[in-house]
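Here is what each chain is made of, one letter per residue.
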Amino acid sequence: MLSIKNLKASIEDGTQILKGINLEVKAGEVHAIMGPNGSGKSTLSKVIAGHPAYTVNEGSVTLEGHDLLQMEINERANSGLFISTQYPTEIPGVNNVEFLKMALNSKRAFLGQPEVNDDEFKKLIEEKMQLLEMDERYRDRGVNEGYSGGEKKRNEILQMAILDPKVSFLDETDSGLDIDALRIVAGGINHIMGPDKAVILVTHYQRLLDYVKPDFVHVLRHGKIILSGGPELALELEEKGYDWIEEK
Amino acid sequence: MDALARIKQIGMPRRNNELWTFFPVASIPAPEFPEACTSPENYDDENDFAALLPVACNARPMVQDIAENANEMAMLKCNSDFGHTVLNVGKNATASIEILDNKVTHEICAERFDIHVGENATVHIFFANPADPVPMRFRHFRITQAAGSKVYFSEIEQGNGIRRTSIDAFLEGPGAQLEVRALNILGGTDSVHHRLTIHHKAPETRSVQFARNLLGGTSRASYDGSVIVGDHCTKAFSSQLVNTILLSEDSSVSVKPVLKIYHDDVECTHGNTCGELDADQLFYLVSRGIPKEKAKELLTRAFARELFMVMEDSPAKKRLEQVVSAL
Chain U
656 MLSIKNLKAS IEDGTQILKG INLEVKAGEV HAIMGPNGSG KSTLSKVIAG
706 HPAYTVNEGS VTLEGHDLLQ MEINERANSG LFISTQYPTE IPGVNNVEFL
756 KMALNSKRAF LGQPEVNDDE FKKLIEEKMQ LLEMDERYRD RGVNEGYSGG
806 EKKRNEILQM AILDPKVSFL DETDSGLDID ALRIVAGGIN HIMGPDKAVI
856 LVTHYQRLLD YVKPDFVHVL RHGKIILSGG PELALELEEK GYDWIEEK
Chain Y
9 MDALARIKQI GMPRRNNELW TFFPVASIPA PEFPEACTSP ENYDDENDFA
59 ALLPVACNAR PMVQDIAENA NEMAMLKCNS DFGHTVLNVG KNATASIEIL
109 DNKVTHEICA ERFDIHVGEN ATVHIFFANP ADPVPMRFRH FRITQAAGSK
159 VYFSEIEQGN GIRRTSIDAF LEGPGAQLEV RALNILGGTD SVHHRLTIHH
209 KAPETRSVQF ARNLLGGTSR ASYDGSVIVG DHCTKAFSSQ LVNTILLSED
259 SSVSVKPVLK IYHDDVECTH GNTCGELDAD QLFYLVSRGI PKEKAKELLT
309 RAFARELFMV MEDSPAKKRL EQVVSAL
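Chains as they are written, first to last, in this note's numbering: chain U, 656 to 903; chain Y, 9 to 335.
Simulated from the structure, these hints should not be mistaken for laboratory data. One should not assume that every hint holds.
Label-pair restraints from in silico Cβ distances [what the hints assert, rightly or not]: (1) U:819 - Y:285: 45 to 55 Å; (2) Y:242 - U:838: 27 to 37 Å; (3) Y:26 - U:765: 52 to 62 Å; (4) Y:301 - U:883: 35 to 45 Å; (5) Y:284 - U:713: 30 to 40 Å; (6) Y:26 - U:819: 51 to 61 Å; (7) Y:114 - U:753: 41 to 51 Å; (8) U:675 - Y:288: 26 to 36 Å; (9) U:777 - Y:35: 15 to 25 Å; (10) Y:333 - U:868: 23 to 33 Å; (11) U:717 - Y:288: 20 to 30 Å; (12) U:742 - Y:85: 47 to 57 Å; (13) U:778 - Y:83: 50 to 60 Å; (14) Y:335 - U:778: 26 to 36 Å.
Cβ coordinates follow ideal geometry from the N, Cα and C atoms, glycine included.
With the hints as extra help, turn the sequences into a complete structure.
So this is what it looks like as structure tokens:
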């Protein structure tokens, strides 16, 4: 489904951050990427999304065989890629619901589908907000404006639920969440996940993986995936940290 | 001295006159003055050419009185190049006044508004219509406010020539409040200029100036805002904030805050920001599938909308938001 081959990317001053990432994600799979701070996890998500601060030097990223790197940023999203960043941006003045509707209609236009009608959208958003136990305040506020860290993450999952992507790359979605919010957000991810979809979770902690069970766990360090394994690897990392991998 | 004599005394605006520092004075067409001024009023203390021009050109004064305790909505439209409106708002009255573009036949038009606001009265003054394509338009407001009165002045300028709004406000009674919100959305060769002087003349008076500019093409905006706080104005509050987004390489903005404060126990602030659309916000929207051009429009509209969002619900707010939504 998502295929990343030998992906190398650098920032403006030429410093290479990603140094040859290889990752194959099949439909129905949940992958967890772990690694110490500064290892390139967030960069990987931004490079896949097409963030202009990064230059791809080598490699390929395909989604269902389509070359993502040749697409505009919005085309990547509309093709089925969803990236949730570690620090969701606040956009005062842009109403959250208005934004969600515009995003959904952009995807529909890209796929040659008609715009969502008001009743259909109202029903959809009510259902997803209920799923994520979100109150009415989210409707009237600006996108992420004045939200707490946890509220922002919940709003990210709401967007994911509305846009129904094929592959979701969730960067530290568990940070800033209290215990109840973590359970709700994880429940949302599990609800959205299906046999024709895939999720990549970037996390530092096992606690999210207790709720969203990964099929594979990868360790990213110095811009490369240096170790992959099953769910037990996350438990081992929690216990031992990362240094033993390099020593190994 | 009448207005015509005063104009002859001070002469045409020049850049070395601090009231006209940023204005393209060379573009002002030479007015065709009448032989005599019909208004007997004394303008010895008036220094702004734009404030004198309509009176000097014998604009017929239109006087509108709003009675004490009344609640009125009105639209003002002047039917010639030069207009002079006198608005007297009685005690405890509430008024909502929308100014429509006047009928213009020449290269320049000028309007003067003398607004007297009684005790505890509340007045909304606003204009938001896309302007008629007149090369140059001056609007001057002289506002005097009694104790406890509130004036909310809001405008949206969308260019269509050279525009100048000038305000001389006198917060004469304790607790008088003035809020000025100005949004300029300019492109092409448009230029819009604001010149304000707010006199705090009593304790606990409050003035808020908030302007936002969205500038494309080779457009220019300027904001020259002075606040004068008198020596007995305990607990006076004044703020001035100008935010500009330059949508093109060749657009420009000039901002000049002037604070003259003659008392210690006051709070006065000013700020000015200038930049481009926020790259992170743009990326966020586009990464959700919204095409870049649409995302830019959304951010531009959001920047404009924020200016009026905090206003209390009123016909003015409704009208201003309507115009912003249609951008």
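Outcome of the hint check:
For residue 819 of chain U paired with residue 285 of chain Y, a C-beta distance near 29 Å fails the hint of 45 to 55 Å. Taking the beta carbon of each, residue 242 of chain Y and residue 838 of chain U are about 55 Å apart, not inside 27 to 37 Å as hinted. For the pair residue 26 of chain Y and residue 765 of chain U, the beta carbons lie near 55 Å from each other, so the given range of 52 to 62 Å is met. With their beta carbons about 41 Å apart, residue 301 of chain Y and residue 883 of chain U fall inside the hinted range of 35 to 45 Å.
Between residue 284 of chain Y and residue 713 of chain U the C-beta distance comes to about 31 Å, which sits within the given range of 30 to 40 Å. Distance hint check: the CB atoms of residue 26 of chain Y and residue 819 of chain U are about 60 Å apart, consistent with the given range 51 to 61 Å. The hinted range of 41 to 51 Å is satisfied by residue 114 of chain Y and residue 753 of chain U, whose Cβ atoms lie roughly 43 Å apart. The given range of 26 to 36 Å is respected by residue 675 of chain U and residue 288 of chain Y, whose C-beta atoms sit roughly 28 Å from each other.
The hinted range of 15 to 25 Å is not satisfied by residue 777 of chain U and residue 35 of chain Y, whose Cβ atoms lie roughly 52 Å apart. Between residue 333 of chain Y and residue 868 of chain U the beta carbon distance is about 46 Å. The supplied range of 23 to 33 Å is therefore violated. Under the hint 20 to 30 Å, the C-beta atoms of residue 717 of chain U and residue 288 of chain Y, about 27 Å apart, fit the expected range. Hint check: residue 742 of chain U to residue 85 of chain Y, Cβ distance near 50 Å, so the stated range 47 to 57 Å holds.
In this structure the hint that residue 778 of chain U and residue 83 of chain Y lie 50 to 60 Å apart at CB is violated, the actual value being about 42 Å. In this structure the hint that residue 335 of chain Y and residue 778 of chain U lie 26 to 36 Å apart at CB holds, the actual value being about 30 Å.
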